[in-house]
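Peer 1: Each chain is listed here by its residues.
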Amino acid sequence: MVEFALYNAWLVPLLPALAFLAIIFLTRPWPMLSALVAVGGIVASFVVSALVAYGVFTNPEFLEKPLVYAVRWFSMPGLNVDVGIQVDPVSAMMIFMVTMVASLIFIYAIGYMKGDPGFSVFFSYVSLFAASMLLLALSSNLVEMFVAWELVGLCSYLLIGFYSYKISAREAAKKAFITCRVADFGLLLGLLALQIVFGTLNLVELSDKVAHYEKYTTFGVLTLIAVLVFIGPIGKSGQFPLHVWLPDAMEGPTPVSALIHAATMVVAGVYLVARTVFIFAKVPAAMELVAVVGAFTALFAATIAVTQREIKRILAYSTVSQIGYMMLGLGVGSMTAGLFHMWTHAFFKALMFLAAGSVLHALHHKADIWEMGGLIRKMPVTGWTFVVGGLAIAGIPPFAGFWSKDEILVAALESGHYVLFVMAAFTAFLTAFYMWRLIFLTFFGEENPANHPHESPPVMTVPLVILAFLSAVGGLVGTPWAPVWSQWIFFEHPHHVEPNYWVMIGSVVLAAAGIYLAYQLYVVDKAKVKVKELAERYRHIYTILYNKYYIDEIYLWFNHTIIDGAAKLIYLFDIYIIDGVIVNGLAYLTGLSGESLRVLNTGRLQNYALVFFLGVLALVVLLAFTGPSSASLTLGGVK
Amino acid sequence: MENFPVLLTILLSPVVAAIIMAFIPREEHLLIKCVAATGTFISMALSLYVFFAYDQSLGGLQFVQRIPWISDLGVTFYLGVDGISLPMLLLTNLLGFSAVFSSWNVNHRPRDFFILFMLLVTGVMGTFVAQDLFIFLLFYEVVVIPIYILVIIWGSTKRVTKEYAGMKLTIYLLIGSAFLLVGVIALFMKTTAIQGAPDMSFEGLARAARYLSEFDQKWLFALMLFGFGSLLSMWPFHSWSPDGYAGAPTAVSMIHAGVLKKIGGYGLIRIALYILPAGAKFWAPVIAFLGVCGVAYAALAALAQKDLKYIVGYSSVSHMGYVLLAVASLNVIGVNGAVANMFAHGIMAALFFSTIGFIYEKTHTRWIPDLGGLARQVPRIAVAFMLAALASLGLPGLISFVPEFTIFIAAFKVYGGLAVVAIAGIIITALYALRAGANTLFGPPRPEFNHLRDIRGPEMVPLVVLGTVLVVGGLFPFLLFDVINSGVVPLMSQIGGALKIGGAF
Amino acid sequence: MLPLTVGLTHYVVLSALLFAIGLFGVLSKRNAVAVLICIELMLNAVNINLIAFSKYITPTLFIGQLFAVFVITVAAAEVGVGLAIIIAIYRNRLSVNLDDFDWLKW
Amino acid sequence: MNVNLSLLAPELFISALGLAVLILGLIVPKDSRHGLGWLTVFGLLLGMGITMAGWENQGTLYGGLFVVDQYAVFFKLTFLVAAFLVVLGSMRYVDMMGDQSEYYSMILFATLGMMVLASAGDFMTLYLGLELMTIAFIVLVCFRRNDVKSVEAGIKYLLLAGVSSAVLLYGLSLVYGLTGTVVIGEVGRALTARPVPALILGLAMLLAGLGFKVSAVPFHMWTPDVYEGAPTPVTAFLAVGSKAASFAVLLRVFIGALPAVWAHWAMLVAVLAAVTIIVGNLVAIPQTNIKRLLAYSSIAQAGYILVGLITATGPGIKAVMFYAFLYVFATVGAFTVVTQYYSVTGSDEIKDYAGLSQRSPLMAAVMVICMLSMAGIPPLAGFVGKFYLFKTIINDYLWLAFIGLIMSMVSVYYYLKVALVMYRDEPADPAPIQLSAPVALTLLIAMIVTIVLGVYPGPLSEATNVAAQSFWR
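Taken in sequence, the protein lines are chains Y, F, X and W. Sequential numbering of the first sequence, starting at 0, is according to numbering that gives the first Met the number 0. Sequential numbering of the second sequence, starting at 0, is according to numbering that gives the first Met the number 0. Sequential numbering of the third sequence, starting at 0, is according to numbering that gives the first Met the number 0. Sequential numbering of the fourth sequence, starting at 0, is according to numbering that gives the first Met the number 0.
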C-alpha cells in the first residue's frame, strides 16, 4: 500500500485534476455532486499523500536519495525536459500539509459557498488549484514546477475574480496575475539561465551540477541567477515590493483566501526557494538578499496590519509578514526553520481565515472590525478557535507558531544577523498586537446591535476545530527537545539547535506584551479614547500606514501614466508616423504622380505628335551622347 | 494506401467543395455551409492522418509526389511534407474547418463567401506542401484576391474602412512579394548558372546555393527577408496587420492571422534560411533586433487599443516578433521554437478572432468600453475568450508556453540582453490580454446584453476544436515537438556548415 | 557660277528638309487635311531618300525604287481612308480643326 | 523562281476568307448577315489548323522577303487565336452595330497584315504588312461612324499612325542607305558596330516607329484615346493583335538586323521599358473609364514585353512570345466583358460596374482573373510570363526587375478598384445578365487558358522554346 503510494505519487495531483475535469464536463449542473467530487478528489489525494508521507518518514533512505520517476515531456537536441515526480521528505511534507489543509478548506467551503450560483464552478477551480499546487510540490523539474507555478497563478486569478461581476474582484484578480507575472519574468530568466548554463532543469541533476558550478560558470553569474530565481518567490509569496496583490486577493470567497494564504499559493515561493536552496547556498549574497527581503517584509507588513480595519485585510498583511519570516528563516541558512514555519503557519492561518469567513458569513460580509464586537458569545466555536489561532501566531507556547518562530529567531541570531533578528523580534511583538487587536475588537467587547450573528453550521465549524487542534499541537513535531522535524527537513546536514532559552523567553515576553497592549487599548479602554488619541497624534504615520505606504498608488501611477502613456505614444506613432506618413504617404505619392502624369494626355492630337518627336529626339540624344560604356555604368547590361 | 495521393487529396478537397458549391442555388444556405464543412473536414481528417502517420524516425520528406512540370525552369510539381511543413498543414486545416463554423451565421451571399474561402484555404495549404519554389510561389498568392474580396464584402468598417483595410493588406503584401520575387528570380538564375541545369526544388536550390558568393547570399537573403518578413508583419513592416484584421471578416482574420502570415515564417525557415544560410547568418542580428522591436512595440501598441480586433492584431505582430527572434538565433532549439510558436499562435489567434467574431455578431460592437460583464450572459464565449487570452500570454499548460520557452532559451543564449527585452514582453502581453478579458467579460453585466444567446450547436465547433488543440498541445508538447524536431534537425545539420563559418554560434 | 555636281548628300539634305517641313506642318497646322498633306510630305521625303540611296548605293538593284513605289501606293490608300474619316468627322462636328477634337483625353 | 506556295497557305487562306466575307456581305440579305460571324469564326479556326499544320514547314520566299519559321508561325497562331476570340466575343455587338461584312473582313485583313508582319523578311514586306494592318485598324477604329468618339479616335489614330509610319520609313531608308540592302538578315551581316550618325538617327527612328505601334512611352499618347474611342472589340484586337504583331517585327528588326549595335539599343530599350512600365501603371491609377484603364494597363504591358527584347537572346525571344500569347487571352477576356457589359448598360464607366458579380458571376470572375494575370499574380499565366521575362535581365538589369515587379504590384491597386466595384457594391439593376453562347465561350476560354497557362505552362513553354530557336535558323 505504502509502496504503491510511493511509486504512484502522481496520483496526488492527478486526483484533484480529475475532479476538476469531472466537474467541468459532467457534474456541473448538480452542485452537491460537484462538491462531493471535489472533496472526494482531495480527500483521496490526502490519503495517498499520507501514505507517501508515511512511507518517506519511516524510511531514512529518502534523506540520501529522493525517489524520482519521470517521463519525457518534450525534447530536442540541447533541450530535454522531463516531467516527473520527486518524492523526498520536503515534498512529502508539503503534499501532506497541502492536502490536509485543502481537504478541510474544501469541506468548509461546502457550507460557506452554499447557495452560490457558481457553486460547482467554484469547486472545479479549487480542485484545479489544489492539483496545481500538488504538482508544484512534487515536481522533479523546474520547468514542470514553473508550469505548476503558473497554473497556481491562473487558479488564483480565477478564484480571486470569482465574483467577476464585481469590479473590485475583477481588478484584484488581474492585479494578482500581473504582479505575479512581473515576478515570473525574473524567475523565467533565472530558469533560462540555469538551462543555458547547466543544460538541465532537472532538480537532482541541477543540484549535482551546481555543487561544482565552477566548471560551468562564474560566481557572479550564479549570483545573478539566484537573484533572478528569487524574484519569482518575491511575487508569488507577496514579498516587498511585489506584495501589493496579496491583500487585494481578499476579493475572492473566503475559502479561497484561506487556500491561497495558508497552504498553497503564497508558500509556493517559499517552497521554490527551499527546492532551489542548493543554488542559494552557493552564493551568500543571494542568501543575504532573501533574508533581508524576508525580514523587511515581515516588519513592513506588520506595521501596515496594525492600522487596517477589514478583518481579512489584516489577516492578509499578517500572511505577508509571516511569509517574510519564512524567507528570513531560509535566508539565514535554516531551511528547516523556514519550512517549519510554513508548516505551522498553514494550520493557524487557514484556521484564522476560515474563522474570519465564518464571521463574514454570519455578518453578511460586513468586514470592518470596528463594527463587530462581542461575537464570541453568539459564535463560540468560531471565536475560540480563532483565539487558538491568535495564540499560535503570536507565538505563545505551546501553540504551533511559537516553535517555528522561535526556531527562525534562533537561526537569525546564531548566523549573526543581529539587525534582522531585532527586526524579527519587533515584528513578533507587532504581530501579537495587531492580531489580538483584531480578536479583541471582533470577538470581545460590546456587541454591535446592528449585527445578528449566528454560529455557522457544523460543516464549517468542524474543520475549524480540527485546524485549531492542529494549530495547537502542530508545532510539537519540531520542539528543540524532540527535533523530529529537523531530522527530516534540512539542507545538506541536519540542523540541530540547542534550545536557546533566552530567545524563547524573550519572544514569549514580546508576544505577551503585544497581547497586553492590545488588551489595554481595546478591551480595558472601552471607549477606545486612547487609540483615537494615538491615531490623532501620529496622524501622518497613521495615514501612511493606513494607506499601505502608498505603494499601490505608486504602482497605479506607474501603470497608468508610464506604461499606458508609452502605449498611447507608440500607438500614435504607429498610426501617424509609420502608417500615416510612410505607408499612406507612399501610397498618396504614387496616386499623385499618376494624377499629374495623366494631365499630359491633353487630348490634343498635335501635342501627342510633339511628344512623339520629342521622344525621338530624346532617343537620338541618348544614343549620341551616352555610348554603351557609360550607359552600362549607370544602367548595367553590357559586360 | 501506399500510393494514394493523400496530399493532393487534402489540397483538392476544398477546391472540389468550391466547385460543387458553384452549382448549388444561392438560396440553399445550409447546404452550402454543409458542403464547405465537409470539404474542409476531409482535408482536416486527412491531414491529421498524415500528421500521425508521418514516420518521425525516418524524417525527411514523406508522402512525396513529384511530376515534371516546366522543364526549362526545372520545375517539378513536387509535394511533400516534413517536420516543418506538417504542423503548418495541420494548422491550416484545423483553422479552415473551424473557420467554416465561425462563419456559420454568414447569411449575406454565403455561396460567394464559402467559395472564396475554400480557395483561400487551398492556397495556404499549397504553400506548405510545395517542395518546389515555383510551385510555392504559385500558391503563395492564390489567396490575394479571395482575401481582398472577402474583406470588402463581408468585412467591417471601424477605425478604417474595410475598403482601405483590404487594399492595404493586399498591396502591402504584394509589394513585399515583389521584392521576394526579384530575389527568387535572381537566385534561380544564379543557381542555374552554377549547376548548369535549372532546378527549382528546395533541395536543388540549396545544393547549388552553397556555391554562391557570400555577397550574393547576403543580398538575396535581404530580399527574401523583406518579402517574407512583411508577410510575417515584421516590424516596421507590420502596419497592414492590425488594420487588415480589423477590417476582415472573422474567417479571414482567423486564416490570415492564424496561418497565412505564418507562410512568412515558414518561408523564412524553409526557403531563406535553408537555401541561403550564409546570408541568414549575416542578417540574423538585424532580424533579432527587428523581432525584439516588434515584440515590445506591438505589445505596447496593443495596450493602447480599445477595439478587440486591434488588440489581437497588434498582439499577433508582437508574437511574430518571437518567431523572428527564434529564427535569428539560428540554432536547432530556436527553429523548433519558431515553428512550434507559429503553430501555437495560429491556434490561439484563430480562437481569439473566432470568439471576437461571435461577440461582434451578437453585440454588434467590438469597442471595449461598450462591453463588459459578458461572462454571465454568454459563459461559453467567455471561456473561449479566456482560453485564447491565456494562451496568448503564454500560460503553461496551454499550447504557447513551451514554444515560447524554447524560443527564450535559444534567444537568450545567443542574444542575451536583447532577448531579455523580448521576454519582458510577456508582462505587457499579460497586461493587455487580461485587461481585454477583464473589461469585456467581467465586471457588472450590462442589461442591454441580457437577451444574448450563447454560442451553441455549430458555433461551438471552433471552441471545441481549437480549445482541444490548445490544451492537448499544451499538456503534451512532445506531440508537436517530435514532429517539428524531425524536420528541423536535418535542416539545421545541412546548413550547419555554413552557419559555422564565422564560428559565432 | 561654281560647277555644281549634285551628290548623294544633296538628296539626303533635301529629303531631311522636306521631312522637317512636313514635320513642322504636322505640328503646327490646325486643319486636318493640311496635316494629312504634311504627312504626305514626310513620306515623300522618305521616297527621295530611298531613290537617292538606290541610285548611289545600289545602282544595279532597284530596291529603293521598288520600295518607293510601295510607299506611294500605300500612302494613297492611307489618304483615301483619311479623307473619308475627315468627312465623317466633319459631318459629326462640323469642323476639321484638330483643336476641337479633344473629347477623348486624360 | 520556284515559289513554295504551301508556305503561304495561311496568308492565302485568310485573304481569301476576308474577300469572301466582304463579297458575301453584299450578296447575303441584311437579316442573315449574322452568319458571316460564324463563317469568320470557323474560317479562323480552319486558318489556325492550316497554320498549325505548317509548324514543321519552314523556309523563305522571294529571296528572303518572306520568312516562314516557327517564330513566325507561332505569332501567326497568336494572331489567329486573338482574332478568333475577338470575333467570337463580339458577334452580338457587331450585329447591333451593323455592317457585319465590312467589320469581319477588316478584322481578317488586319489579321492578314499581322501575319505578313510576322513573316516579314525585309523592310518592304514589313512596311506592307504594317500598313495593311494599320489601315484596316483605322477603318475599324472609326467603325461606329456616327459616334463622335469613335471618329475622333479614328482621326487621331490615322494621323498619328501616319506620322509614325513616316518616321519609321525614314529610319528604314537610312538603314538601307547605310547597308545597301533591305533584307533583314543581310542588313544584320552588313552593319558594323561603328555607330555613325545616320545609324543613330535610323535606330532612334525605328525604335520610335515601332514603339508607337506597341505603345511604348513616350510614343504611347494615342493609345488611351484610341482605345477609349474605338468600338470595344476593335480595342481588344488593337491591344493584342497590333501589339503582338509589332513586337514580332520589333524583335525581327532589332535582333535580326541590328545585333551589331545591340550594346547601343539595349540600354535604350531598358530605359523605354522602365518608363513605359512606370507611366502606364501610374496613370492607370486615376482612371475612371474601364477602357482607358485597360489602355494604360496595356501600355504597361508593352513595357513588360519590351523587357524580353533587351538581352536579344533566345530566352528573351521566348519570353516575349510566351507573354504575347498569354496576353491575348487576358486582354481579350477583359475586353469581352467590357463589350458585353457595354451592350447591356451602354456605359464604360467603372462606377457602373457595380454589382456585376451578382448580375453575372462569370463576367466578374473573368474580369478579375484576366486583370490579375496582367498584373502577374500567381498562379495566373501572367506570373509565369513575367518570370520568363525578368529572368533574362535579372543579372544585368536588376534595377529594371525591381521597377517592373514593384510596379506590377502597384497595378493590382487599380485592378482591385474595379474588383471592388464589381464585388462589393449592389447592382443598380439586379437582373442577371444573359450571356449568349459565343460570349460565354469566349469568356470561358480566356479564363481557363489564363489559369491553365499559369498553373501548367509546360507545353506552351516547350513550344515557345522551339519557336525561339528557329529565329536564327
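Careful, some of the hints might be misleading.
The calculated lysine-lysine pairs, modelled on PhoX-like cross-linking and capped at a C-alpha distance of 25 Å, are [to be verified]:
1) F:Lys157 - Y:Lys165
2) X:Lys104 - W:Lys148
3) F:Lys305 - F:Lys157
4) F:Lys361 - Y:Lys165
5) X:Lys28 - W:Lys416
6) Y:Lys281 - F:Lys412
7) F:Lys412 - Y:Lys214
8) F:Lys412 - Y:Lys208
9) F:Lys157 - Y:Lys567
10) Y:Lys567 - F:Lys305
11) W:Lys29 - X:Lys104
12) Y:Lys377 - Y:Lys208
13) Y:Lys64 - Y:Lys377
14) X:Lys104 - W:Lys416
15) F:Lys361 - F:Lys305
Pairwise CB distance ranges, derived in the manner of DEER restraints [what the hints assert, rightly or not]:
16) F:Leu29 - Y:Asp563: 42 to 52 Å
17) F:Arg452 - Y:Ser592: 19 to 29 Å
18) X:Leu60 - W:Gln57: 24 to 34 Å
19) W:Asp30 - F:Asn104: 48 to 58 Å
20) Y:Leu591 - F:Thr8: 23 to 33 Å
21) F:Gln194 - Y:Val220: 42 to 52 Å
22) Y:Leu609 - W:Ala192: 31 to 41 Å
23) Y:Leu609 - X:His9: 22 to 32 Å
24) Y:Tyr164 - W:Gln433: 58 to 68 Å
25) F:Leu29 - W:Met51: 47 to 57 Å
26) X:Phe61 - W:Asn3: 16 to 26 Å
27) F:Gln194 - W:Phe41: 40 to 50 Å
What the hints contain is simulated information worked out from the structure, not anything from laboratory work. Idealized CB from N, CA, C, for every residue including glycine.
Peer 1: With reference to the structure, classify each hint as holding or not holding.
Peer 2: Consistency of the hints with the structure:
1. Distance hint between lysine 157 of chain F and lysine 165 of chain Y is unfulfilled; the C-alpha atoms sit about 30 Å from each other, more than 25 Å.
2. Taking the CA atoms of lysine 104 of chain X and lysine 148 of chain W, the gap is about 11 Å. The hint holds against a cut of 25 Å.
3. The suggested pairing of lysine 305 of chain F with lysine 157 of chain F holds, with an alpha-carbon distance near 11 Å, which does not exceed 25 Å.
4. Our distance criterion of 25 Å between C-alpha atoms is met by lysine 361 of chain F and lysine 165 of chain Y, whose separation comes to about 23 Å.
5. Between the alpha carbons of lysine 28 of chain X and lysine 416 of chain W the distance comes to roughly 41 Å, so the proposed pair goes past 25 Å and is violated.
6. Taken as a hint, the lysine 281 of chain Y and lysine 412 of chain F pair is honoured in the structure, with Cα atoms around 23 Å apart against an allowance of 25 Å.
7. Of the pairs offered as hints, the one joining lysine 412 of chain F and lysine 214 of chain Y holds, with about 18 Å between alpha carbons and a cut-off of 25 Å not exceeded.
8. For the suggested pair lysine 412 of chain F and lysine 208 of chain Y, the alpha carbons sit about 19 Å apart, so the restraint of at most 25 Å is met.
9. Between lysine 157 of chain F and lysine 567 of chain Y, the direct Cα distance comes to roughly 19 Å. Compliance with the 25 Å bound is thereby established for this hinted pair.
10. Taking the CA atoms of lysine 567 of chain Y and lysine 305 of chain F, the gap is about 11 Å. The hint holds against a cut of 25 Å.
11. Between lysine 29 of chain W and lysine 104 of chain X the alpha-carbon distance is near 36 Å, which puts this suggested pair outside the 25 Å criterion.
12. Annotation: proposed proximity of lysine 377 of chain Y to lysine 208 of chain Y is violated, straight-line Cα distance about 60 Å (limit 25 Å).
13. Simply put, lysine 64 of chain Y and lysine 377 of chain Y have alpha-carbon atoms about 53 Å apart, too far for the 25 Å limit, and the pair is violated.
14. For the given pair, lysine 104 of chain X sits about 21 Å from lysine 416 of chain W by alpha-carbon distance, which is consistent with the 25 Å threshold.
15. For the given pair, lysine 361 of chain F sits about 18 Å from lysine 305 of chain F by alpha-carbon distance, which is consistent with the 25 Å threshold.
16. The hint said 42 to 52 Å for the Cβ distance between leucine 29 of chain F and aspartate 563 of chain Y, and at roughly 47 Å that hint holds.
17. A C-beta distance of roughly 52 Å is found between arginine 452 of chain F and serine 592 of chain Y, which places it outside the suggested range of 19 to 29 Å.
18. The given range of 24 to 34 Å is respected by leucine 60 of chain X and glutamine 57 of chain W, whose C-beta atoms sit roughly 26 Å from each other.
19. The hint said 48 to 58 Å for the Cβ distance between aspartate 30 of chain W and asparagine 104 of chain F, and at roughly 55 Å that hint holds.
20. Restraint check, leucine 591 of chain Y to threonine 8 of chain F: a C-beta distance of roughly 50 Å breaks the suggested window 23 to 33 Å.
21. Between glutamine 194 of chain F and valine 220 of chain Y the beta carbon distance is about 48 Å. The supplied range of 42 to 52 Å therefore holds.
22. Between leucine 609 of chain Y and alanine 192 of chain W the CB atoms are about 33 Å apart, so this pair conforms to the stated range of 31 to 41 Å.
23. In this structure the hint that leucine 609 of chain Y and histidine 9 of chain X lie 22 to 32 Å apart at CB holds, the actual value being about 29 Å.
24. For tyrosine 164 of chain Y and glutamine 433 of chain W, the hinted distance range of 58 to 68 Å is satisfied, since their beta carbons lie about 60 Å from each other.
25. Remark: the range hint 47 to 57 Å for leucine 29 of chain F to methionine 51 of chain W is upheld by a beta-carbon distance near 50 Å.
26. Hint check: phenylalanine 61 of chain X to asparagine 3 of chain W, Cβ distance near 25 Å, so the stated range 16 to 26 Å holds.
27. At roughly 48 Å, the beta-carbon separation of glutamine 194 of chain F and phenylalanine 41 of chain W lies within the given 40 to 50 Å, and the hint holds.
The structure shown violates the earlier hints numbered 1, 5, 11, 12, 13, 17, 20.
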